[in-house]
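Undergrad: Residue numbers (UniProt numbering), protein chains in the order written: chain A, 1 to 112; chain B, 1 to 140; chain C, 1 to 123; chain D, 1 to 492; chain E, 1 to 802; chain F, 1 to 94.
Derived from the structure by calculation, the hints contain no laboratory data.
There could be a bad hint or two in this list.
Cut-off 30 Å, straight-line C-alpha distance, at most; resulting in silico cross-link-like pairs (DSSO-like, lysine-lysine) [to be verified]:
{"id": "1", "chain 1": "C", "residue 1": "K4", "chain 2": "F", "residue 2": "K58"}
{"id": "2", "chain 1": "A", "residue 1": "K51", "chain 2": "F", "residue 2": "K91"}
{"id": "3", "chain 1": "E", "residue 1": "K585", "chain 2": "E", "residue 2": "K156"}
{"id": "4", "chain 1": "E", "residue 1": "K792", "chain 2": "A", "residue 2": "K96"}
{"id": "5", "chain 1": "E", "residue 1": "K105", "chain 2": "D", "residue 2": "K356"}
{"id": "6", "chain 1": "E", "residue 1": "K697", "chain 2": "A", "residue 2": "K96"}
{"id": "7", "chain 1": "D", "residue 1": "K356", "chain 2": "E", "residue 2": "K156"}
{"id": "8", "chain 1": "D", "residue 1": "K445", "chain 2": "E", "residue 2": "K792"}
{"id": "9", "chain 1": "C", "residue 1": "K4", "chain 2": "F", "residue 2": "K91"}
{"id": "10", "chain 1": "F", "residue 1": "K91", "chain 2": "B", "residue 2": "K63"}
{"id": "11", "chain 1": "A", "residue 1": "K50", "chain 2": "E", "residue 2": "K460"}
{"id": "12", "chain 1": "E", "residue 1": "K738", "chain 2": "D", "residue 2": "K153"}
{"id": "13", "chain 1": "E", "residue 1": "K790", "chain 2": "A", "residue 2": "K50"}
{"id": "14", "chain 1": "C", "residue 1": "K111", "chain 2": "E", "residue 2": "K697"}
{"id": "15", "chain 1": "B", "residue 1": "K70", "chain 2": "E", "residue 2": "K697"}
{"id": "16", "chain 1": "E", "residue 1": "K458", "chain 2": "B", "residue 2": "K62"}
All values derive from a computational prediction rather than experimental measurement.
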Amino acid sequence: MESLIVILVGILVSVGTYLVLSRHMIRVIVGTAILSHAVHLLILAMGGLKKGVVPLLGQSEDGFTDALPQALILTAIVISFATTAFLLVLAYRTYKTNGTADFRELRGISDE
Amino acid sequence: MKINDVILRTVVKGVVFIILTLGVYLFFSGHNAPGGGFIGGLVLGSGIVLLYITYDLETVHKKMPFDFKKVAAFGVLLATGSAIGSLYFNAPFLSQTDGYFNIPILGEKHLTTVTIFEAGVALTVIGTLVTIILSISEDE
Amino acid sequence: MSVKETLEWAAILLILLGGIISVISALGLIRLPDVYTRSHAASKSSTLAVLVCLTGAFIYFWFHDGYVSIRLILGIIFVFITAPVAGHLICRAAYRSRVPLAEGSGEDELKPLLFANEDKPDL
Amino acid sequence: MNNLIVLPLIIPIITGVILVFLRHSIMLQRVISTITMITVSIMSFILLEIVESEGIIRLDFSGWLPPFGILFVADSFAMLLVLTASIVTTICLLYAFSTIGKQIETMFFYPFILFLIAGVNGSFLTGDIFNLFVCFEVMLLSSYVLVAIGGKKVQLRESLKYVLINVVASWMFLVALAFLYGTVKTLNMAHIAQRVAEVGQEPLLTTVAVLFLLVFSLKAGLLLFFWLPGSYSVPPAAVQALFAALLTKVGIYALIRTFTLMFPLNQDITHTLIGVMAGITIIAGCMGALAGRDVYTIGTYNVIIGVGFILIGLAVGTEAAITGAIYYLIHDIVAKALLFLIIGMMVYLTGESVIKNMSGLIRNYPLFGWIYFIVLLALTGVPPLSGFVGKILIGQGAIEAESYILLAIGFASSIIVLYSLLRIFLASFFGETTISFEDRKPIPKGAYGSFIFLAVTIVFIGVGAESLSVYVKDAVNTLMNPSVYIDAILKG
Amino acid sequence: MTFELAIILLPFIVAACIPIFYRRLPKKAIGWVVLMVPLSLFLLLTTYIPRIAKGQTFSNYYEWIPSFNINFTTYLDGLSLIFSLLITGVGSLVILYSIFYLSKKESLHHFYCYLLLFMGAMLGVVFSDHLLVLYTFWELTSVSSFLLIAFWHHRKASRAGARKSMTITVSGGIAMLVGFLMLYSMSETFSIREIISNIDVISEQSLFIPALVLILLGAFTKSAQFPFHIWLPDAMEAPTPVSAYLHSATMVKAGIYLVARFTPIFGGEMIWFWAVTGVGLLTLFWGSFNAVKQVDLKALLAFSTVSQLGLIMSLLGLGSIAVYLGYSKDSIIYTQAAFAALFHLINHSTFKGALFMMVGIVDHEIGTRDIRRLGGLMPILPFTFTVALIGSLSMAGMPPFNGFLSKEMFFAATLKITQLDVFSIDTIGVLIPVVAWVASIFTFVYCLIIVGKTFFGKIKPDILEKNPHEAPIGMLISPFILIGLVVGIFIFPNLLGHYILQPAMAGIYPTFPSTEELTPHISAWHGFNMELWMTIGVVILGITLYFLLKRWKPIYRWIPQRLTLNSLYETVISFSENVSESLTKRYMNGNLTHYFSYIYMVFVIVVAGVFFLTNSFEWSLVNNSSVESFELILVFVVIFAAVAILFTTSRIASVLLNGVLGYSVAFFFVIFRAPDLALTQLVVESVTTALFLICFKFLPDLTPERTSKRVKVSNGVISILVGATVTIVGLAVVNYEKFETISTYFEDAYNLAGGKNIVNTILGDFRAFDTMLEVVVLFIAGLGVYTIIKLKAKKGDADIEN
Amino acid sequence: MKETILLIALTLFMVAIAILLYRVIMGPSMPDRAIALDTIGVNLISAIAIVSILLKTKAFLEAILILGILAFIGTIAFSKYIERGVIVERKGDS
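Let the hints inform the model, and build the full structure from the sequences given.
TA: See the structure below:
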């Protein structure tokens, strides 16, 4: 399972990277969202998968699955949510003021 | 032409109640079961957002006249404040304590200071979520 | 077989039934010709699938662990209440955004009422 | 009491939040934020003294012993940077009061600045690698807002690029963290160091280390500095100064910490790589600075050169070089802040950013011009100003380690720094003045105050280098002997 | 006594006071006040002469940065004394001169402030024993020289000259600093005296030669040696007193000082000998050759200064051979070259100072320095003419002036060296006297030009219109004092030799036991020997060439303008600026997509490179948990959804698919026993999707990517490589099981933290700090969104772009 | 045996999701996609219920309820978006 997930992560990373390399804002932002999905899975996989029971005490007492990565992912999810929210707003403000959502047209330096 | 939303609104009135209850439940169950301040806050926040979706900005604002930025700020203050509190007791920063307290009506209850911290988290999440959605929606 | 055992089996079979219904409904979503008919597959049979399945799970937990899960009941009720509303809303939205009806759907009686004065769809 | 260590982070956060409630009383916001930063600076100084006399102190949050809980570790290196950063922020705030404008001030400008410095201080102090990520994010989120604050066309455009690149950088950080946790199964930096040393930094760990190198390079602007020139030239001057002073430095701090504490063992690969990257960075920075025709471009590429130069110190890795790197780091924080404050003021005074179009500023603003000249000399490394001690120590280290190519690149870069900054001086400050004495805009008093204070600091760091040496030596001692740090965390 | 420190500090203190107090003083007085500084210092320094002549040295030690061995050590010996006397002596005269030269309208406080700064720095250079402190003052002289050259900064030429001089001299200084650091790493000390005493250990090391070359670079740039001399003519944009002071008498001699100071260290090396001698001679020739073609009197003097500096430099090079040979009866004779160098150093300061002041007077009174517009000034400016005549003749090496003496000694030294057969002098050494002689001829010619073209011939009518008259007495005092010295030294050379030069020789040859032997008796007449014949030849040929000037001047046109060093310098600079600009613009083109591809490429190359280089790949399925069929389907669902996003053309579809991904990931969390994560992921995913939808009101729909196939392919390759890199490293990491995780500790959560949900106790207690900051992050984001939306730039705000 | 049947049921749900994914990808109209996504969510509810039986834990029951809520909110949001282009209205808008 771990290897399968790591390979899946690799595929997601490829897709995300390809989207990040696009010209259109929305594609890039969706790309970053996919990248963050991928890395959350990756962190989880790094702690070992299906190696124990749900990390809740009192249900059964032996061999919990690694809880630390879960806590880390939670934090990471929140942060990536915060970033994505900000990013979306920034993107549409940029679109409204600059009039384009194409990064090739948002260069600004050499076209002057 | 105004679109008729009667069905939606009727259902939502009930649903929001369920959602808010669930949010509070999740918030309190967090320490021993899945849930906690963050998820509780998110669920409560999405309940409020559902209201905004179903009704319109002004109507909801009349019912809930909070400045959600300040709600969020208050949440952060609560979370950090509970952490600072431990300085007063000369304990390491962020120290949490728990204990069993005998409260007159409710009987013996397990209370932890984590709850204050989590309440801060939840308030921040609600405040931030609604602030974001409202700010965008209010934009021209 | 004890009662408990029987009921557990019943629960599991309910769940299996749910699975089968859900595949059927999914197939319906693929095969049916337009969004309005697909919505029928989605909101009716899918909801049935999930209700059956959740009921199975509820029964299972009840008899296997002796645990009456309020959350599951709430979930069942919730899905039961909301699924029709969701189906309704999405169909209305589809119609208002002028998703065409499948060929051979018969006469569209709503059209002259709703879009009489408009030439362009607003989406 | 160890709880003191958290104050540089928590005080700005709490006051920042309180200021949100005081949104419309600008005067109060100013007073409170200034008091906060002064308090933080004083605290940091006290802490620095304590650390220097009593050794590394740490604060285990909630009382959980390492490696299980999160902890803040104050060693001299971190405290020096916290102190410098806090002082510089105080001064940038002072500058902001008189220049930033009411509109931005009511839009939570001061809270964002305070959150930024909280994130920066947290990054310096934390002893937990995941917490470092979180502190980075606190800093980055504030910086995202600060780049875009003002809402101008260019600002939004550049900030979007800045944010996106940093989002990808944060993603890489998480990937690196995942691999790190997957291998050493711990997050406490001292504990990581101990475990890495236990297996002698195996090849796979080196790969993880290299991943961290890239992540922090993105933050530090080492080789992967593409986000830097654009985003540093658009925000208000006070923000630019803070960015130039602090943001890249946090990356540099993380690099130094990572490769002296956690992954110091495979220097053949990691330090060579850092050296190569630093060399290319300097060359690219020099080319950019040479190409620059406007103050912003020249300034931002000078930031890049500075980054490369400091990291030569790390790449070389001898005691002298690390000492030099620390000195240069402190110098660079102060000097770059001043440089960007001045640049911002120049643009404000003339309404131009192309150096050809402003001329003769020194006629109307003599003191202003001379302060620029001091920065110019300091950045070139002319003694006895601040850049000098760090530069010679890095040079000494490079000679000891026989890395002559880095030595040559590093010292040759000083010439380009001089040349590019001199061009601004000659074109913009000297020459016929374009604005008559009567038409000139006055420089606000607060701005002058911050210029003078920073200039005095620059002179002090150079002339009074000895007074810093106790702390720097203590810092270097920790950096060169990771066991000091590890023992303080895991055996205390 | 700490007089030495006071000597260095006094100019700085006064310089610092000037900007503060100048408003309270009358304009004229400021000069007189400043004059007191060098004058008193000069007098103070003269009191040292007797003691130093006895062989005493004075050194003091002050701590600066003892932690890094940086200390302020003053050291006053004969060599320092010569230079410090020059600095203060010529300084006094120049300030006296400038009081009358500069008009009251100039910003005098700046001028004197810089001048004092320079003076202090220069004294610091010659008094420092510590290399880094020496370097400090060295750079300060460059800086103050920059400020003085740019004194009239509204002139474009001034700024250009200042920039050139600063760039070149500071670059040299930096090279020198590296050399110093190398010396330090070899000797573990920054003290020149200690290095000299450890010289045996140092000279064996591999860094010795690089250090030598780098330090020489510093000296050559400062002393305007070929090919770095190009800054000096441009520096003539400075006011004339500055040119007289810095750019002929003192600052440019700092390089000479350095070479003299380091002769005991490096003197024994062949490279040193040839570099110093060769460059010196080349400079001597090139300077004098180019001086002839100049039409601006100041430029002419500048080139003559270059040439004279070359002369002194080459003498020091010749003298260094004595260090190589070591102390013996035979080697003593070669030390005379160094003696001649010091002697000429003083002589040059006297006559060149006078000549500069003369040019200043001409410029001041006539209004031009162009020799094509000058002529016949002798009757109008008789005193000035006297200065010019004596100065020029001395420079040309004619008796009865001091230049003659040193010139003869120079010839003697060049002749003597040819008799040696070390360092392959026996083969190409013959060139030394030849070049020296040819250069002297040109020197003679330009000396004649100075006097002839300015003061003889017919007076130009437009000069007469201005009704010029002789300079005020104040301006004449200084040149006349100098002229007096020119003659005086010729008459009593040995006074100078005994009291001043002899102790200095001890500084150059500290290992030689007796300074008496090092001091030859200078006499004007030494019989009809080779040197004298050479001088006679110079005179004859020089006069001939002067009168045939028009015939052979076209030679100069043989060298095309493009190939001159000056234009070479300009070309190099503009070329590097242009190349950097085009290169930088090419990759820093503001296109985010490009930046991303660079970042990803570096990522792949570095990470995968290191990964394979270290051979870290290891993989086995042994530790993996099982895969159920439904999981496999889910994996495929995720993959299809992800790939479908690549091809979708509608923004909503891509966001929906992203939602599918998010839900699937949440389901993975369920399968992997992470209930809290699943909950959070579900909610966050929904909210994110909603946010996307809300923002779509303001965003455009997707447009097809109008990129070329090539770009698409390369993006595809990059992204596949990135994915592959993450995968292979990930697989290796999964396989890496050497450590026990720390999280088993948290399984005791209920006892430790009173909670049954381990993840939640980690978030709320063990790692509560993360959570706290995470909340802050969220808050910042919310506040930021609000700010970004509400704060819109007003119309009036000008966008200043880079 | 029970477990096998549960796994089969789970696989069936996954198959259904995979089929629905086709609808999400192919469309053709927005409502089609929204419906399909909603159905995916509903199917996931069942899947989670089965997984909790398999894992013998009650930890995921909250997730069921939440998923139900979110599927509902999401569908409402979509339908409003499709219908009006705006999700949160102001009073003046229609």
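Undergrad: If a hint holds in the structure, say so; if it does not, say that too.
TA: Hints and how they fare:
1. Pair hint K4 (chain C) plus K58 (chain F) holds up; C-alpha atoms about 19 Å apart against a cutoff of 30 Å.
2. This hinted pair does not check out: K51 (chain A) and K91 (chain F) have alpha carbons roughly 54 Å apart, beyond 30 Å.
3. Distance check on the hinted pair: K585 (chain E) and K156 (chain E) sit about 29 Å apart at the alpha-carbon level, within 30 Å; holds.
4. For the suggested pair K792 (chain E) and K96 (chain A), the alpha carbons sit about 11 Å apart, so the restraint of at most 30 Å is met.
5. Straight-line distance between C-alpha atoms of K105 (chain E) and K356 (chain D) comes to about 27 Å, which keeps the hinted pair within the 30 Å bound.
6. The suggested pairing of K697 (chain E) with K96 (chain A) holds, with an alpha-carbon distance near 11 Å, which does not exceed 30 Å.
7. For the suggested pair K356 (chain D) and K156 (chain E), the alpha carbons sit about 12 Å apart, so the restraint of at most 30 Å is met.
8. Between K445 (chain D) and K792 (chain E) the CA atoms are separated by roughly 28 Å; this keeps the pair inside 30 Å, and the hint holds.
9. Restraint check for K4 (chain C) and K91 (chain F): the C-alpha separation of about 56 Å exceeds 30 Å, so the hint is violated.
10. Distance check on the hinted pair: K91 (chain F) and K63 (chain B) sit about 14 Å apart at the alpha-carbon level, within 30 Å; holds.
11. Taken as a hint, the K50 (chain A) and K460 (chain E) pair is broken in the structure, with Cα atoms around 104 Å apart against an allowance of 30 Å.
12. Using a Cα cut-off of 30 Å, the hinted pair K738 (chain E) and K153 (chain D) is violated, with the two alpha carbons roughly 53 Å apart.
13. About 47 Å separates the Cα atoms of K790 (chain E) and K50 (chain A), which puts this hinted pair outside 30 Å; it is violated.
14. Straight-line distance between C-alpha atoms of K111 (chain C) and K697 (chain E) comes to about 27 Å, which keeps the hinted pair within the 30 Å bound.
15. For a cut-off of 30 Å, the pair hint linking K70 (chain B) to K697 (chain E) stands: about 27 Å separates their Cα positions.
16. Simply put, K458 (chain E) and K62 (chain B) have alpha-carbon atoms about 101 Å apart, too far for the 30 Å limit, and the pair is violated.
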